[in-house]
Amino acid sequence: MSSYERSVRIDAPLSEVWEFHSTEAGLEQLTPDWMRLRIEDVRGPDDDPDPEVLEAGSRLRASVRPFGVGPRQRWTSEIVEREEREASAYFRDVMRDGPFPEWEHTHSFFADGDGTVIRDHVRYELPLGGLGGALGPVAVVGFAPMFRFRHRRTKELLEAPAAP
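Counting in the working numbering, the sequence shown runs from 3 upward without gaps.
Since the hints were derived computationally from the structure, they do not count as laboratory data. Wrong hints could be hidden among the right ones.
Computed spacing ranges between beta-carbons, pair by pair [stated by the list, open to error]:
| # | residue 1 | residue 2 | range |
| --- | --- | --- | --- |
| 1 | Thr108 | Pro47 | 14 to 22 Å |
| 2 | Gly115 | Asp48 | 35 to 43 Å |
| 3 | Gly72 | Ser9 | 17 to 25 Å |
| 4 | Glu127 | Pro68 | 15 to 23 Å |
| 5 | Gly72 | Pro15 | 35 to 43 Å |
| 6 | Val55 | Glu161 | 31 to 39 Å |
All residues carry an ideal CB built from backbone N, CA and C; glycine is no exception.
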């Protein structure tokens, strides 16, 4: 499997950053408009609809239509692990159904003084077998803008504005 990783430091406390990333609303706010995200269903581990916090066992059905081109790409993700410690936290989601044969995204958060370091690590297998493997560098080029956007948007939403 291939992997992609990107980190950023956010000038906001771990508790605030963790709380933001633990909700459906956080996901929606961190997805670029050009992805045309549509959340179709969210279920908690007890199968209750629209849980307040995305706990281990939560499932999310969504679709995207990047740049409004082509048919909607649907996927189902499940949060398979979620843990919060004193100075760190993480959750891992896996794609249960969707365009990638394998997709595992670990979202890690580390306290860093008054701020938080976010590390996104994705392990994935591209579709189309060998052809998909040959296109691997193209996929990484696609991942980079998405994660740059997510990290920049997190900073915009959670960092306090600088004093004038």
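Range hint 35 to 43 Å: satisfied by the CB atoms of Gly115 and Asp48? 37 Å, holds
A range of 15 to 23 Å was offered for this pair. Does it hold for the Cβ distance of Glu127 and Pro68? 19 Å, holds
Can the suggested window of 31 to 39 Å be confirmed for the beta-carbon pair Val55 and Glu161? 23 Å, violated
Verdict for Gly72, Pro15 (Cβ pair) under range 35 to 43 Å: For Pro15 against Gly72, whose Cβ atoms are near 41 Å apart, the range 35 to 43 Å holds.
Whether the CB-CB distance between Gly72 and Ser9 falls inside 17 to 25 Å: 31 Å, violated
14 to 22 Å as the expected CB spacing between Pro47 and Thr108, which holds or is violated: 19 Å, holds
Of the numbered hints stated above, those contradicted by the structure are hints 3 and 6, listed in ascending order.
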